[in-house]
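Chains as they are written, first to last, in the numbering used here: chain A, 1 to 104; chain B, 105 to 350.
Hints are not guaranteed to be accurate.
[As the list claims (entries may be wrong)] Label-pair ranges, simulated between beta-carbon atoms:
(1) Ile219/B x Leu100/A: 44 to 52 Å
(2) Met104/A x His344/B: 40 to 48 Å
(3) Phe4/A x Leu315/B: 29 to 37 Å
(4) Ala208/B x Leu100/A: 22 to 30 Å
(5) Gln262/B x Val82/A: 48 to 56 Å
(6) Ser22/A x Pro276/B: 45 to 53 Å
(7) Met104/A x Ala208/B: 50 to 58 Å
(8) His239/B x Leu64/A: 44 to 52 Å
(9) Pro276/B x Asp59/A: 44 to 52 Å
(10) Ile2/A x Gln262/B: 13 to 21 Å
Hints were generated in silico from the structure; no laboratory data involved.
Bear in mind the structure is a predicted one, so any value in this text is a computation, not a measurement.
For each residue, glycine too, the CB sits at the ideal point set by N, CA and C.
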Amino acid sequence: MIWFIMIAAGLFTFATRFIMLSNGISNRPPPWLVDALGFVPIAVLTAIIVPAILIDPADQTIALWDNPRLFAAALAIIAALVTRQMITTIGVGIVALWVLQWAM
Amino acid sequence: MPNAQNSPKASQNLSARSEFWAGVCEEMPLIFGVAPFGLVFGVLGLESGLTPWQTILMSSILFGGASQIVFAQLWAAGVPALIVGGSVCVINTRHVLYSASIAAYLRHLPLRWRILLGYLLTDEAYAISIRRFQHAPPGPHQHFHLLGSGMLLWTSWQFSTIFGVLVGGTIPDSWSLSFAIPLTFIAIVAPILKTRADLAAAATAGTIAILGQPLPWNLWLITAAIGGILAGWLVNRLNHQAGATS
Chain A
1 MIWFIMIAAG LFTFATRFIM LSNGISNRPP PWLVDALGFV PIAVLTAIIV
51 PAILIDPADQ TIALWDNPRL FAAALAIIAA LVTRQMITTI GVGIVALWVL
101 QWAM
Chain B
105 MPNAQNSPKA SQNLSARSEF WAGVCEEMPL IFGVAPFGLV FGVLGLESGL
155 TPWQTILMSS ILFGGASQIV FAQLWAAGVP ALIVGGSVCV INTRHVLYSA
205 SIAAYLRHLP LRWRILLGYL LTDEAYAISI RRFQHAPPGP HQHFHLLGSG
255 MLLWTSWQFS TIFGVLVGGT IPDSWSLSFA IPLTFIAIVA PILKTRADLA
305 AAATAGTIAI LGQPLPWNLW LITAAIGGIL AGWLVNRLNH QAGATS
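Generate the whole structure from the sequences, applying the supplied hints.
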């Protein structure tokens, strides 16, 4: 079953990449669709980021002030905005988490 | 500033080989972001209960980082297969944009080339090669640039996944390596949040992702994604209307 889903999703993904190169469709997608697809990365990735930071993996509750992941993520956001480098952002966030987990 | 690439003589007749290596070299800085991401996916795949082969081959079959992470997480949570597949598909629809934007430069190629370059058309390869297509003078071998950027990315992704699968079991939980996933996505999202519509998309998606936690089958993810897309799209549209009438 997992192979079936993986291959089906893989074929769909290939189709999204190939579709406009296929010469079967000569028009660009309609502007409203281009606008909407432009928000896919922000929406999807934020939907993954926020629970990964706020939901405590131990008991599945929302954690705010006693949550080292929240503060580590805040530092990582600053690092991302300042350096725009993925490796620095990951490094700052992970090290901040280690320090905070040790300190809190 | 004078730019060698903008001078027609400099690059009009670049050979296939120099186009290919230009693509490889320009893609190189992005590998520092892609390699840790692939490694994290390799580790996470095993943690999610995928076999080593399922984890490694997913990197070739899907070849899309965020969608692979989501696949593994939903699969680990026991979400019905149809919802896993549907979520992965929604995440990957964005490639239609890249395909549409780059089509003008590739449409004349033989089918086997378009299939190969379509398969290699990821966020990172697109970002690098569209710059060459748009800003350097066209050349007969310019598609080799995308072949170079795409193949470097593909190779790095496969090797970093395999590396993650191999070392995954040896990394202690106390290292909190799974936290690298939200960090990777923060590195992608934070710098691209520019307009009010972007912020609306992010705020809506994040809020729904939290409030929707009680939904069955991890439906919060797909609901939050679609909600965020709609919010961004609406604010964008309202802004344009306000701009048009004022």
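Are Ala208/B and Leu100/A spaced within 22 to 30 Å by their CB atoms? 49 Å Cβ-Cβ, so the 22 to 30 Å window is violated.
Measuring from beta carbon to beta carbon, are Phe4/A and Leu315/B in 29 to 37 Å? Check passed, 32 Å falls within 29 to 37 Å.
Are Pro276/B and Asp59/A spaced within 44 to 52 Å by their CB atoms? Violated, at about 22 Å.
Return holds or violated for the Cβ distance of Met104/A and Ala208/B against the range 50 to 58 Å. Holds - the Cβ-Cβ distance for Met104/A and Ala208/B, about 54 Å, lies within 50 to 58 Å.
Given the hint of 44 to 52 Å, is the C-beta distance from Ile219/B to Leu100/A inside that range or not? At 48 Å between Cβs, range holds.
Can the suggested window of 48 to 56 Å be confirmed for the beta-carbon pair Gln262/B and Val82/A? This hint is violated: roughly 32 Å between Cβ atoms.
Between the beta carbons of Met104/A and His344/B, is the distance compatible with 40 to 48 Å? 46 Å, holds
Does the hinted range 13 to 21 Å hold for Ile2/A and Gln262/B at CB? Given range 13 to 21 Å: holds, Cβ gap about 19 Å.
Take the C-beta atom of His239/B and the C-beta atom of Leu64/A, compute their distance, and say whether it sits inside 44 to 52 Å. With a Cβ separation near 46 Å, His239/B and Leu64/A satisfy 44 to 52 Å, so the hint holds.
Falls inside 45 to 53 Å, the C-beta gap from Ser22/A to Pro276/B? 48 Å, holds
Consistency note: the structure conflicts with the earlier hints numbered 4, 5, 9.
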